[in-house]
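Here's the letter readout for the chains.
Protein chains: 2
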Amino acid sequence: MSRITVLGIGVLGSQIAYHAAYKDFDVVAYDIDDAAVDRGRARLELLSEQYVHEVEGAGAGARKALGRVALTSDLADAVASADLVIEAAPEQLAIKRDLFARVGAMAPAHTVFATNTSTIPPSALMKSTGRPERFLALHFANLLWRHNIAEVMGTAETDPDVYTSVVRFASALGMVPVEIKKEKPGYLLNSLLIPLIKAAGELLTDEIADPSAVDDVWRIGTGASYGPFEMLDIIGLTTAHHIASHGDAKQREFARLIKERYLDKGNLGVATGEGFHVYPRTPLGT
Amino acid sequence: MSRITVLGIGVLGSQIAYHAAYKDFDVVAYDIDDAAVDRGRARLELLSEQYVHEVEGAGAGARKALGRVALTSDLADAVASADLVIEAAPEQLAIKRDLFARVGAMAPAHTVFATNTSTIPPSALMKSTGRPERFLALHFANLLWRHNIAEVMGTAETDPDVYTSVVRFASALGMVPVEIKKEKPGYLLNSLLIPLIKAAGELLTDEIADPSAVDDVWRIGTGASYGPFEMLDIIGLTTAHHIASHGDAKQREFARLIKERYLDKGNLGVATGEGFHVYPRTPLGT
Numbered sequence: 431m432s433r434i435t436v437l438g439i440g441v442l443g444s445q446i447a448y449h450a451a452y453k454d455f456d457v458v459a460y461d462i463d464d465a466a467v468d469r470g471r472a473r474l475e476l477l478s479e480q481y482v483h484e485v486e487g488a489g490a491g492a493r494k495a496l497g498r499v500a501l502t503s504d505l506a507d508a509v510a511s512a513d514l515v516i517e518a519a520p521e522q523l524a525i526k527r528d529l530f531a532r533v534g535a536m537a538p539a540h541t542v543f544a545t546n547t548s549t550i551p552p553s554a555l556m557k558s559t560g561r562p563e564r565f566l567a568l569h570f571a572n573l574l575w576r577h578n579i580a581e582v583m584g585t586a587e588t589d590p591d592v593y594t595s596v597v598r599f600a601s602a603l604g605m606v607p608v609e610i611k612k613e614k615p616g617y618l619l620n621s622l623l624i625p626l627i628k629a630a631g632e633l634l635t636d637e638i639a640d641p642s643a644v645d646d647v648w649r650i651g652t653g654a655s656y657g658p659f660e661m662l663d664i665i666g667l668t669t670a671h672h673i674a675s676h677g678d679a680k681q682r683e684f685a686r687l688i689k690e691r692y693l694d695k696g697n698l699g700v701a702t703g704e705g706f707h708v709y710p711r712t713p714l715g716t
Numbered sequence: 431m432s433r434i435t436v437l438g439i440g441v442l443g444s445q446i447a448y449h450a451a452y453k454d455f456d457v458v459a460y461d462i463d464d465a466a467v468d469r470g471r472a473r474l475e476l477l478s479e480q481y482v483h484e485v486e487g488a489g490a491g492a493r494k495a496l497g498r499v500a501l502t503s504d505l506a507d508a509v510a511s512a513d514l515v516i517e518a519a520p521e522q523l524a525i526k527r528d529l530f531a532r533v534g535a536m537a538p539a540h541t542v543f544a545t546n547t548s549t550i551p552p553s554a555l556m557k558s559t560g561r562p563e564r565f566l567a568l569h570f571a572n573l574l575w576r577h578n579i580a581e582v583m584g585t586a587e588t589d590p591d592v593y594t595s596v597v598r599f600a601s602a603l604g605m606v607p608v609e610i611k612k613e614k615p616g617y618l619l620n621s622l623l624i625p626l627i628k629a630a631g632e633l634l635t636d637e638i639a640d641p642s643a644v645d646d647v648w649r650i651g652t653g654a655s656y657g658p659f660e661m662l663d664i665i666g667l668t669t670a671h672h673i674a675s676h677g678d679a680k681q682r683e684f685a686r687l688i689k690e691r692y693l694d695k696g697n698l699g700v701a702t703g704e705g706f707h708v709y710p711r712t713p714l715g716t
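If you're matching them up, the sequences are chains Z and S in order. Residues 431 to 716 in my numbering are what the first sequence spells out, letter by letter. Residues 431 to 716 in my numbering are what the second sequence spells out, letter by letter.
Chain Z extracted, bound-state conformation:
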């Protein structure tokens, strides 16, 4: 796989496209119209500057990578010679289905199709391409040059050779490929993170302990860099609220607490300098 097409040049799509180019792949980045493409180009340029500062040894390579990304709003052009198409479109079933139906009709026979969806089971999308055996989920984390994991999740219909080729691609991209053997909502990271966050939320809503106590215990007791409330401050309390408000009664109580104590005061987490904690923060335990 050497020719990669990324559909959607938003926050994560731009990171995938840029990083693939940085790792010497030929990349086509597609978005729906010229305005979206222009916004995508600006994102890629910002990433190039960010790599110079944050990625060891990036230097001139960070600038050069930009030259390996072709941008277009023409979908047929975008996928004409794609070995791998990675979809990073908005998280709506209808949009993704429509997009996969169109690229399925246009792409060469050998193309592999991957969705970066966080919340839609890949089996709900696999038939749209008309080639379910060449379809799977390839899920990146935000700030992928730092959190370099790529969760690879097939469906019951994914061809094992296709699966293996995508695992190999993820490695070539400098990601640690995480193989998920069966379809699992939330992949691995959220399957682990959500029960922890849920337990932490209950300690707060039940007035057992405050966020500092919980975070101190977690860091010192397990050797973690962050406690659960610090993680939520990093993820952002808007997202934390969104997840909790879709949970059970206890979690919805936690969602209300997040809204009343933090969101309504404009405290959204690290991004605004305050959430469960005030930042920058010197934890007690260090």
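Careful: at least some of the hints might be erroneous.
The list makes no distinction among identical chains, and a pair is therefore deemed to hold if it is satisfied within one copy or across any two copies.
Straight-line alpha carbon distances no greater than 25 Å define the calculated DSS-like cross-link-like pairs of lysine-lysine that follow [to be verified]:
| # | residue 1 | residue 2 |
| --- | --- | --- |
| 1 | K612 | K680 |
| 2 | K453 | K557 |
| 3 | K680 | K494 |
| 4 | K611 | K689 |
| 5 | K557 | K614 |
| 6 | K557 | K689 |
| 7 | K453 | K680 |
| 8 | K494 | K557 |
| 9 | K628 | K689 |
| 10 | K614 | K680 |
| 11 | K614 | K628 |
| 12 | K611 | K680 |
| 13 | K453 | K494 |
Hints in this document: simulated from the structure, not taken from any laboratory.
Position chain S relative to chain Z; hints supplied.
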């Protein structure tokens, strides 16, 4: 509080007694007979050597600390002038109740009583002393000089001043005091750890992913030092099996897997060099 009495000189009791002496408290360490006291003395001497190697700046102070621990198998002597009694006896309700009843009858009026129990709610012990308002739980982690948290948990009857004095004592001991405002089984650490371990166990029993994939995701995705299976290997698979076998149907399935794949082969975790992983281990993601 300057005179501390520790009841039980086992694994954790010896750490509490030694560390309090190392931090300049006058310590009495009690155990039930001369043989138990001798074993306790040997533990304290080993700790003194361990501090020289592991605790920065310990040096001669590590040896000196031994001189501040008086050992005895006479309970009346042990508590005669105690400001704080910390119970670290075997984890059996009858033993602890009997012990608190006896020290409650012998100790001075100003004595504060603390249990280091991991699993018994302090309210089940508070009446034994005859002074429930002077009773609470003070829970240390194993290897307390490294994992320096002390969870402080009162009951509905604990006097707030007593609670505050124990929080202050924990700080003076160099612990990060973690204040738990209401009685909560499992304190904070296990309240957080068990849901995470449970979720990880399900990913394995449901054949979604193997331990390496789960641990890679957790470390890289959250910045933790260890993934959940690495934590279990550190805790030890005998303990992991014990906890899981007391859980719901899913957890009992995980307990069976631990027994069949690991315990029955003598692989108990880091202690035996192999558990979910083989040690020493170089994680993929680093």
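Hint check results:
no. : hint        : in the structure
1   : K612 / K680 : between (29 Å within a copy, 18 Å between copies)
2   : K453 / K557 : neither (31 Å within a copy, 67 Å between copies)
3   : K680 / K494 : neither (50 Å within a copy, 51 Å between copies)
4   : K611 / K689 : between (37 Å within a copy, 23 Å between copies)
5   : K557 / K614 : within (18 Å within a copy, 49 Å between copies)
6   : K557 / K689 : neither (39 Å within a copy, 41 Å between copies)
7   : K453 / K680 : neither (45 Å within a copy, 42 Å between copies)
8   : K494 / K557 : neither (38 Å within a copy, 73 Å between copies)
9   : K628 / K689 : within (16 Å within a copy, 29 Å between copies)
10  : K614 / K680 : both (23 Å within a copy, 16 Å between copies)
11  : K614 / K628 : both (19 Å within a copy, 16 Å between copies)
12  : K611 / K680 : between (31 Å within a copy, 19 Å between copies)
13  : K453 / K494 : within (11 Å within a copy, 58 Å between copies)
Consistency with the previously given hints fails for numbers 2, 3, 6, 7 and 8, ordered from lowest to highest.
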